[in-house]
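Here the protein sequences line up with chains A and B, keeping their order. As numbered in the working numbering, residues 226 to 401 make up the first sequence, in order. As numbered in the working numbering, residues 9 to 305 make up the second sequence, in order.
To be clear, the hints were calculated from the coordinates, so they are not data collected in a lab. Note that the Cβ used here is the ideal one computed from N, Cα and C, for glycine as well. Please note: incorrect hints may appear among the correct ones.
As the list claims (entries may be wrong) - Here are the computed distance ranges between Cβ atoms for each label pair:
| # | chain 1 | residue 1 | chain 2 | residue 2 | range |
| --- | --- | --- | --- | --- | --- |
| 1 | B | 158 | A | 380 | 39 to 45 Å |
| 2 | A | 321 | B | 162 | 34 to 40 Å |
| 3 | A | 377 | B | 258 | 50 to 56 Å |
| 4 | B | 140 | A | 399 | 47 to 53 Å |
| 5 | B | 196 | A | 245 | 45 to 51 Å |
| 6 | A | 399 | B | 167 | 42 to 48 Å |
| 7 | B | 158 | A | 265 | 35 to 41 Å |
One letter stands for each residue in the lines below.
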Amino acid sequence: MQKEKYGTILVIDDNEAILTALRYCLSNTFQRVLTMTSPDSVLTVLNQEVVNLVLLDMNFSLGVNTGQDGLFWLRAIRKHHPELPIVLITAYADVSLAVRGLKSGASDFITKPWDNDELVRKLKDVLDAQNDLATLDEVEAEHIQRAIDRCHGNMKLAAEQLGITRQTLYNKMKKL
Amino acid sequence: MPLLIIIAIIIVAAVLLWLRHQRILRQRAWLMREAINNRDFSFRLPTKGLPSGERAMQETLNELGNTIREQVNQNEVDTWERLTRVLTHEIMNATAPISSISQSLLSHPDVKGSEFEDGVKAIYDTSRHLSEFVSNYRKMSELEQPMLGPVELHAMLDDISRTYPQLTLQTNVPNPTTVRADAGMLRQVLMNLVKNAAEAGAQKIVIEATKEEDEGLSKAKTRTLNLFVGNDGAPIPAENRPTLFVPFFTTKRRGSGIGLPLSRRMMLQQGGLLELADRPLLGCHVTFLLNIPYNRE
Numbered sequence: 226m227q228k229e230k231y232g233t234i235l236v237i238d239d240n241e242a243i244l245t246a247l248r249y250c251l252s253n254t255f256q257r258v259l260t261m262t263s264p265d266s267v268l269t270v271l272n273q274e275v276v277n278l279v280l281l282d283m284n285f286s287l288g289v290n291t292g293q294d295g296l297f298w299l300r301a302i303r304k305h306h307p308e309l310p311i312v313l314i315t316a317y318a319d320v321s322l323a324v325r326g327l328k329s330g331a332s333d334f335i336t337k338p339w340d341n342d343e344l345v346r347k348l349k350d351v352l353d354a355q356n357d358l359a360t361l362d363e364v365e366a367e368h369i370q371r372a373i374d375r376c377h378g379n380m381k382l383a384a385e386q387l388g389i390t391r392q393t394l395y396n397k398m399k400k401l
Numbered sequence: 009m010p011l012l013i014i015i016a017i018i019i020v021a022a023v024l025l026w027l028r029h030q031r032i033l034r035q036r037a038w039l040m041r042e043a044i045n046n047r048d049f050s051f052r053l054p055t056k057g058l059p060s061g062e063r064a065m066q067e068t069l070n071e072l073g074n075t076i077r078e079q080v081n082q083n084e085v086d087t088w089e090r091l092t093r094v095l096t097h098e099i100m101n102a103t104a105p106i107s108s109i110s111q112s113l114l115s116h117p118d119v120k121g122s123e124f125e126d127g128v129k130a131i132y133d134t135s136r137h138l139s140e141f142v143s144n145y146r147k148m149s150e151l152e153q154p155m156l157g158p159v160e161l162h163a164m165l166d167d168i169s170r171t172y173p174q175l176t177l178q179t180n181v182p183n184p185t186t187v188r189a190d191a192g193m194l195r196q197v198l199m200n201l202v203k204n205a206a207e208a209g210a211q212k213i214v215i216e217a218t219k220e221e222d223e224g225l226s227k228a229k230t231r232t233l234n235l236f237v238g239n240d241g242a243p244i245p246a247e248n249r250p251t252l253f254v255p256f257f258t259t260k261r262r263g264s265g266i267g268l269p270l271s272r273r274m275m276l277q278q279g280g281l282l283e284l285a286d287r288p289l290l291g292c293h294v295t296f297l298l299n300i301p302y303n304r305e
């Protein structure tokens with residue numbers, strides 16, 4: 226049984242062949258595949274269309290756009306649409322750029338060339354993770370663990386920082 | 009009168025001695041020039057019996073030869089690195105749409121089982137092969153800084169010999185022997201040599217270490233250990249020797265052609281060397297020479 230398709234994906238890459246490849250590859254997974262060869266008008270498009278995921282190429286040829294690089298556009302999209310997940314397409318050896326992209330808010334990245342199935346899986350994971358909301362218990366457990374790590378195992382200090390008594394902390398730890 | 013004759017004889021003798029000395033120096037210069045003309049920068053003329061000024065000159069020339077050889081090797085490596093980086097980038101960008109579109113077409117109902125399937129599959133397989141082939145060279149274009157530290161050589165060789173139980177490792181490397189290298193890189197280089205030997209049908213690997221005696225470089229804090237790694241596998245034909253360390257060149261059917269160039273580059277990055285030894289070790293058909301720095305203690 227095939228799950229119903231995901232919504233709309235916007236692909237931005239200055240290479241027409243790559244746009245064609247991605248249109249073929251993603252048409253079974255997404256209702257709509259929108260493509261652009263330049264990010265210059267991406268903010269306008271995002272204001273007009275409902276887009277669920279952006280696939281942004283970081284490997285622009287010089288002079289094709291206004292000279293602003295992929296990171297600039299990544300940050301611009303994040304600023305105006307903080308809820309919109311962005312996945313980057315980077316050149317093969319450009320892992321450091323991908324890492325910078327992740328730190329600037331990208332959800333994931335793929336390198337050229339890619340495997341179609343792996344790409345689709347990554348995009349699905351990004352969208353699925355968005356829909357999952359962690360339970361309160363999960364959030365609490367994670368936070369408690371983080372506080373204990375930060376205090377290097379000092380329970381008294383951790384309890385103080387969490388604003389609870391040491392006994393309460395021990396009780397919650399027992400539940401973990 | 010006899011005094012004048014004695015003085016005259018002394019002067020003539022002095023001039024003759026000086027001329028003879030000049031001829032000896034010219035001979036030395038000729039030897040060095042011959043070596044350089046044959047692109048052999050590893051000449052090392054003896055400094056015994058030379059007066060102090062000339063000994064200093066000769067030592068410097070010996071050192072200079074070594075420096076030139078290292079520089080020539082490094083230039084070669086740098087040029088290949090730059091070339092492979094540019095090619096890697098372009099080829100990977102270009103194969104991306106080819107492999108993706110052909111992969112999509114392969115799962116298309118009109119192509120699956122049709123007369124076009126074989127053709128599309130061939131396109132897909134070839135593009136995948138090309139990108140895999142190129143991804144091996146990605147390692148050549150990444151500039152990884154080595155993390156130098158003390159490395160216990162005997163233990164590393166022991167470890168490697170256990171990975172290839174079918175080979176007997178005969179070594180005279182004392183336990184312990186500490187060199188200064190990047191452990192990961194050195195291990196990769198040694199593993200590569202052993203792997204090549206195994207693929208060439210070797211049964212025995214001989215490893216011998218000698219410390220390089222540098223008479224003149226007594227002020228140097230680091231010296232180099234000469235590590236000879238030989239095997240009794242198929243010998244390397246003379247016509248393959250010039251291209252042994254050139255990337256892309258392989259005579260193996262399934263070879264990637266980057267093992268030796270990458271190993272040489274890794275040795276250079278650690279301040280060492282990897283070369284084919286001039287003379288093979290006893291009982292070996294192929295011998296490599298590694299120079300590994302070690303701290304004088």
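- Range hint compliance [Cβ, residue 399 (chain A) to residue 167 (chain B), 42 to 48 Å]: With a Cβ separation near 45 Å, residue 399 (chain A) and residue 167 (chain B) satisfy 42 to 48 Å, so the hint holds.
- Query: Does the Cβ pair residue 140 (chain B), residue 399 (chain A) satisfy 47 to 53 Å?
  - Reply: Given range 47 to 53 Å: holds, Cβ gap about 52 Å.
- CB-CB spacing for residue 245 (chain A) and residue 196 (chain B) relative to the 45 to 51 Å hint: At roughly 40 Å between Cβ atoms, residue 245 (chain A) and residue 196 (chain B) fall outside 45 to 51 Å, so the hint is violated.
- Message: Holds or violated: the 35 to 41 Å window for the beta-carbon distance between residue 158 (chain B) and residue 265 (chain A)?
- Response: Between residue 158 (chain B) and residue 265 (chain A), where Cβ atoms are some 55 Å apart, the hint is violated.
- Does the hinted range 34 to 40 Å hold for residue 321 (chain A) and residue 162 (chain B) at CB? The hint (34 to 40 Å, Cβ to Cβ) holds, given that residue 321 (chain A) and residue 162 (chain B) are roughly 37 Å apart.
- Item | Cβ distance range 50 to 56 Å for residue 377 (chain A) and residue 258 (chain B), holds or violated | holds, 53 Å
- Range agreement (Cβ of residue 380 (chain A) with Cβ of residue 158 (chain B), hint 39 to 45 Å): Given range 39 to 45 Å: holds, Cβ gap about 41 Å.
In summary, the structure is inconsistent with hints 5, 7 from the numbered list given earlier, while agreeing with the others.
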